[in-house]
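Chemist: Read off the chains here:
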Amino acid sequence: MRWVRLVPAFTSVGAHFDREVLSALDKAGVSADLVLTHVEREDSVAVTAVSARITSGLAPGTEIDPPVEGRCARFPGQSILTGVHHVAEIVEATAIDEVVGIGAAVTPDTRVDTGGFVRPEYRDGLLVLLVEPAAGGVFQPAEVEQPHECCAGSH
Amino acid sequence: MSHHHHDGHEHHHHEVEPVEGSWQDPADDRPIAVARRRFLAGLGVAVGGAALASAGAGEAAATPLPTNRWGTPQRWYAGDHHIHTQYSGDGQYTVSQQVAKAREHGLDWMVITDHGGVAHQKFSLDQVTPDIEKARRSNRDVLVYQGLEWNIPGAEHATVFLPPDRHTVDILRAFEAGYDGGILSTAVANGGKGLITRSTSADGEPYALAALRYLESQVLSGRTEIALMFANHPSRRGVDSPHELRGWRDAAPGVAVGMEGAPGHQAAGISKASGGRGGARGYYDSSPGVDSHPGYAPSATENPYRTYGGFDWMTAKVGGLWDSMLAEGRPWWITSTSDVHQVFNDTLTPGPQDYDKTGSKGAPVDSGVKQTGFGDFFPGFYSRTVVGSRSRSYVDVMRGLQAGKVIAVHGRLIDGLDLRVRALGEGDNQGVTLGGRTFVKRGGSVEVTVEVTGAGGPNFAGVVPRLAKLDLIAGPVTGPVTDRDTLSAPGTTVVKSFEVTKNRSRFTYVFKDVPGPFYLRVRGSDGRKLTSDGGPVMDVIADSDPWSDLWFYANPVFVDVI
Ligand SMILES: [Zn+2]
Ligand SMILES: [Zn+2]
Chain A
10 MRWVRLVPAF TSVGAHFDRE VLSALDKAGV SADLVLTHVE REDSVAVTAV
60 SARITSGLAP GTEIDPPVEG RCARFPGQSI LTGVHHVAEI VEATAIDEVV
110 GIGAAVTPDT RVDTGGFVRP EYRDGLLVLL VEPAAGGVFQ PAEVEQPHEC
160 CAGSH
Chain B
62 MSHHHHDGHE HHHHEVEPVE GSWQDPADDR PIAVARRRFL AGLGVAVGGA
112 ALASAGAGEA AATPLPTNRW GTPQRWYAGD HHIHTQYSGD GQYTVSQQVA
162 KAREHGLDWM VITDHGGVAH QKFSLDQVTP DIEKARRSNR DVLVYQGLEW
212 NIPGAEHATV FLPPDRHTVD ILRAFEAGYD GGILSTAVAN GGKGLITRST
262 SADGEPYALA ALRYLESQVL SGRTEIALMF ANHPSRRGVD SPHELRGWRD
312 AAPGVAVGME GAPGHQAAGI SKASGGRGGA RGYYDSSPGV DSHPGYAPSA
362 TENPYRTYGG FDWMTAKVGG LWDSMLAEGR PWWITSTSDV HQVFNDTLTP
412 GPQDYDKTGS KGAPVDSGVK QTGFGDFFPG FYSRTVVGSR SRSYVDVMRG
462 LQAGKVIAVH GRLIDGLDLR VRALGEGDNQ GVTLGGRTFV KRGGSVEVTV
512 EVTGAGGPNF AGVVPRLAKL DLIAGPVTGP VTDRDTLSAP GTTVVKSFEV
562 TKNRSRFTYV FKDVPGPFYL RVRGSDGRKL TSDGGPVMDV IADSDPWSDL
612 WFYANPVFVD VI
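Just so you know, the sequences run in chain order A and B.
Following our numbering, the numbering of the first sequence begins with 10 at its first residue and continues without gaps.
Following our numbering, the numbering of the second sequence begins with 62 at its first residue and continues without gaps.
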């Protein structure tokens, strides 16, 4: 398997960006089991780059070494996470290696309300999902699909 | 924004020239001699201010001059510097409705701050101005300032406001046209300037500094007595990086004086089970984005993108970003506001008017149904910024804010706070209060007395809150940081927590053998939601009742050593 790097023409971080990137890969007939986003700040204006681990298909972009870190928009087992899942199930049934609670420890029995949107962090080949206490005695991922947009998102 | 500056490239951005039309007003017909005199006088003040900021780091050579002397006659005035109306695309209320609510809730002053942007600059400004003037005439007991919620280029929003004067509107208009991040990032074809990539992208940073210098120049040239800027909801999207906060303060020390210690939208976290929106307190539910500062990283121990006891992470974290600025000796004050757009359980909804074409939503429409999905409180209902001022005048209240004589209070947790910090033995024995600067001989003692008065009646939830504890927080002043993105002050700690049992209490603490300059500050809590070490708890999204987790934060006092 090889990794490629792409820099889409538009830039952001979040669910909307992920959808565009993932559907572009699908349309190109490329299979990628890990897709990461990275904010690159080399120039005065930050851009979002994407790296993808290609399993089949002729991928666009330039070939790169496996990345060290990133925000993971696609990973094996992701589609299983549709609702409320125990930490044990998340770790067993998906490529996520570890679930970490923010300010409160989680156990294998801790329930996580994923809302069908899960974006773990990729760190040195491991996928780590940060979760935080949520309403109703469950936890939820620290990144939510639709954060509140101020002034109706006009800026 | 996130752009790194710690590798010595601080000045690699080209200087931004003032944008056309933004500098001098042709209508400025004051005799040149007067203008010039005031300019020079103003310059003296500014130079002094800047010197103070850097000298605050170490020890003054001569006997320092205390600021904010304790015992100086003053009164306290409650207010709110962040209020939206129908002249924001996401607002709805008329100016007169907001003023009436502020008055009903006991506020003495308020600032109208509709969002900057193309439609606002073109259409809203000329509509809000007469509304504000009318509201002033019919509500003589509330100071109604005209301001703007500025999209800081490269960063978050900020309140910018001026006292009423003949040039106020001209200055605001030129400022917005020249420096609003929304306008700068909007394409020319759409009525903007097309000069920066995004409102929050780092290519906007030099414009923010130029903008603040422009405001300061308006003060120095005598076109306005004073102008102030407070950074709003600073941690919400992680786009106010530490070097930007420091840069703003340094660019215009008389103008850029602080930030919201607590954001508005405090009702947004009320659970659905309790009939609320079930959102995040303060609408703080974001995570790192493309323009976020990489140092703001959620981890196992904290999430900078959340509120803590209703307060912004920068302020709520002991030894955090706010403390890191105070530990430099840098005056930087905190406030708390409503950011009211749409009020929880109100039946009014936005008018139907096309905001982009008219700059107004029109009159609000009464839906007849309580809007449980709205996340805000009316001005004065929950959040107050209480300011010490020698008189109830537009300029004096702003001077109090500028001087840091400010307490941020939630839910009427306290009705009064008298802080006195003074040297015992050689030094300044009269001492100073909030936002002040005093001095002591090296090795001497500094006495802190806090007299706190609890709520003398119910808050607007109908409950008499009870102050349960007071934290005295202090840390050494170690001078300017070399890494401008520094966001922690490891030497700052809670030195003493006082249990509060009476409605009126007096506490004393003495710092002995003071080895060097330091600062201290006070905060208090109703004690209902505390971490094991007595700090505020991270607010849980969709389950944060603002009334059962009340805090106040007071601004610091700096102690120099001679
Ligand atoms: Zn705002
Ligand atoms: Zn606002």
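Mixed in with the good hints, there may be bad ones.
As the list claims (entries may be wrong) - Here are some of the chain A residues that sit facing chain B, going by a computed Cβ distance under 7 angstroms:
no. : residue
1   : 21
2   : 24
3   : 38
4   : 147
5   : 152
What the hints assert, rightly or not - Beyond 12 angstroms from chain A on every Cβ pair, some chain B residues (computed):
no. : residue
6   : 250
7   : 258
8   : 355
Think of the hints as simulated: they come from the structure by calculation, not from any bench.
Backbone N, C-alpha and C fix where the C-beta goes; we use that ideal spot for every residue, glycine too.
Chemist: Please go over all the hints and tell whether each is borne out by the structure.
Modeler: Verification of the hints:
Against a cut-off of 7 angstroms between C-beta atoms, the interface hint on residue 21 (chain A) holds, since the closest Cβ of chain B lies about 6 angstroms away. Because the closest C-beta pair between residue 24 (chain A) and chain B is about 11 angstroms apart, greater than 7 angstroms, the hint is violated. For residue 38 (chain A), the interface hint is violated, the least distance from its beta-carbon to any beta-carbon of chain B being 28 angstroms, above 7 angstroms. Taking 7 angstroms as the C-beta cut-off, the interface hint given for residue 147 (chain A) is violated, the closest approach to chain B being about 10 angstroms.
Here the hint on residue 152 (chain A) is kept, as its CB sits about 4 angstroms from the closest CB of chain B, short of 7 angstroms. Consistency note on residue 250 (chain B): stated as away from chain A, and its beta-carbon is indeed over 12 angstroms from all of that chain's, at 16 angstroms minimum. The beta carbon of residue 258 (chain B) sits about 5 angstroms from the closest Cβ of chain A, which is not more than 12 angstroms, so the claim that it is off the interface is violated. Residue placement check: residue 355 (chain B) does not keep its beta carbon more than 12 angstroms from all beta carbons of chain A (closest about 7 angstroms).
In summary, the numbered hints that this structure violates are 2, 3, 4, 7, 8.
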